[in-house]
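There are 2 protein chains.
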Amino acid sequence: MSKKGILTVISGFAGTGKGTIIKRLISSYGSRYTLSVSATTRKPRPGEIEGKEYFFKSVEEFQEMIEKDELLEHAQYVDNFYGTPKNFIMNEMDNGKDIILEIEIQGALKVKEKYPDTVLVFVLPPSAEELRRRLVSRGTEDEATIQARLARACEESTEMEKYDYIIENGVLDESVNEIHRVIQSEHCRTFRNIDRINTIKEELKSL
Amino acid sequence: MSKKGILTVISGFAGTGKGTIIKRLISSYGSRYTLSVSATTRKPRPGEIEGKEYFFKSVEEFQEMIEKDELLEHAQYVDNFYGTPKNFIMNEMDNGKDIILEIEIQGALKVKEKYPDTVLVFVLPPSAEELRRRLVSRGTEDEATIQARLARACEESTEMEKYDYIIENGVLDESVNEIHRVIQSEHCRTFRNIDRINTIKEELKSL
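Respectively, the protein sequence lines represent chains B and A. Just so we're aligned: 50 in numbering that gives the first Met the number 0 is position 51 of the first sequence, and the numbers increase by one with no gaps anywhere. Just so we're aligned: 48 in numbering that gives the first Met the number 0 is position 49 of the second sequence, and the numbers increase by one with no gaps anywhere.
Chain B extracted, bound-state conformation (with noise of 0.2 Å):
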């Protein structure tokens, strides 16, 4: 069915694995989608490759990105600027290639409202209890941080509701292959399939 790119964006609590499931769907389907490159005011780390990682920006180039409507949705960390580059997008979904954006819920329903047509993904963990132990289990965070990401997931979570999907992550393969056939299926929404409604219409008639 429809042939143009999707935009799906994933969020979901910290700790969830969504940042493992979507390097497993790139791997696994990768000729289908393309990983959203996001700007960038922070500088590279070492290793870190313009364009793959991200589109390093100077403070001023940013902000002409932001003047000039070429983000999708930016935000600021600390005292970096992060935002979504939408000609790189827009010209993938007209080659057919799904994008995956991995935002926050702030700035998905933020494209969303912009962008309506855009899929959006909300990557639940089998449990708190299991979020919390994951949380502790990746043992890079004191017992602080894990309170402060538990209760912002709290927080977070009154926003659900506006997601599309939820997909609980507790097998990975099974929750690769779910987010995988979620948008695939968006790609036979009616909606998203006007042209060739009118054109077998326009073929009827004229039989």
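Heads up, none of these hints are tricks.
Note that identical chains are pooled: a pair holds if it fits in a single copy or bridges any two copies.
Once the Cα atoms are required to be at most 30 Å apart in a straight line, the calculated DSSO-like pairs of lysine-lysine come out as:
id, residue 1, residue 2
1, K3, K111
2, K200, K109
3, K67, K113
4, K2, K67
5, K204, K111
6, K42, K56
7, K161, K204
8, K204, K109
9, K161, K111
10, K161, K3
11, K22, K56
12, K200, K22
13, K204, K2
14, K56, K111
15, K2, K111
16, K22, K2
17, K2, K161
18, K96, K161
19, K161, K113
20, K161, K200
Hints listed in this document are in silico derivations from the structure and should not be mistaken for laboratory results.
The hints should help you fit chain A onto chain B, whose structure is shown.
Leaving out everything else, chain A in the frame of chain B:
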């Protein structure tokens, strides 16, 4: 995700091959699906089994079902009534089965109005010309009947936009997998998982 069964109504122009798709869907993924069995006042043909092809009813029994609101929808063709018994479907859905109901457009829209959670799938031919070829190659209808069916398709095509999904039936196996994928993805729709969402909200609060 949501374990409750989903009701899917499949429609399409005569000759599109929706019957074949449904048979293949049931034979390929039978453990997930139940085919809705209609009630009818027409007499059983040799070999037809009560509760398999149809629930056979007298006109009085059928009218009682209408009065008691036991039918999801019903219609009259020639001298016979046909309808979709509600109980059978609801029980199967409670048991986690996804229901496949093949009815024409007016019935489908009535069902969706009454039960907005219903998924409406419209099966399209690859082209109007291909539809005509398929009708001709069945060899069961004369030219006048084929013309009438094509005129009917032209009429029906005005309602296609009201469906949730469209599936183009080019390669049978692909269409079957597409419909399967669409229905299974629907289990991840947020509005079908409100209980799940409320549970995790409560869990997060009480951590």
